[in-house]
Amino acid sequence: MSYGAAKQGWVRVCSLADIVPDTGVCALVHGEQVAVFRIGQRDLYAIDNFDPIANAAVLSRGLIGSLGERVVVASPIHKQHFDLRSGECIEAPEHSVRAWSVQLGDGDQVLIR
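Counting with the UniProt record's numbering, you get residues 1 to 113 for the letters of the sequence shown.
Calculated from the structure, these hints are not laboratory results. Backbone N, C-alpha and C define an ideal beta-carbon position, used for all residues, glycine too. Heads up, some of the hints might be wrong.
Unchecked claim - Derived DEER-like restraints, expressed as beta-carbon distance ranges:
hint, residue 1, residue 2, range
1, 108, 78, 28 to 36 Å
2, 94, 57, 27 to 35 Å
3, 76, 106, 16 to 24 Å
4, 78, 40, 33 to 41 Å
5, 106, 79, 35 to 43 Å
With the hints as extra help, turn the sequences into a complete structure.
Here you go:
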């Protein structure tokens, strides 16, 4: 991680190669579980890993897809959809999750803030 990224509060969670395209992984960032998704070759998204409807930390294991223009993950338990850009739960917005800032740093390192 570059000095500038560390100084701005970015946390290195893994390298891009550690995430198979069109899947997610779970990372611990500041004591919180974050679901990090790689869409295609280089697009990254991050939301809370905790599914508030199922009351379980499972979103990183969900199925990635799209609903119209929205890139979403379907929870593996009850199948509700979470927008990967905003964290909004499509079927029940009151159960939305946090969307985290994510970027690709030096040496293809995945950074979260």
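Consistency of the hints with the structure:
1. Our hint of 28 to 36 Å for residue 108 and residue 78 holds, since their Cβ atoms are close to 34 Å apart.
2. Range check, residue 94 to residue 57: about 19 Å between beta-carbon atoms, so the 27 to 35 Å window is missed.
3. At roughly 33 Å, the beta-carbon separation of residue 76 and residue 106 lies outside the given 16 to 24 Å, and the hint is violated.
4. The hint said 33 to 41 Å for the Cβ distance between residue 78 and residue 40, and at roughly 27 Å that hint is violated.
5. About 38 Å separates the C-beta atoms of residue 106 and residue 79, a value consistent with the hinted range of 35 to 43 Å.
The structure does not agree with the numbered hints 2, 3 and 4 stated previously, though it agrees with the rest.
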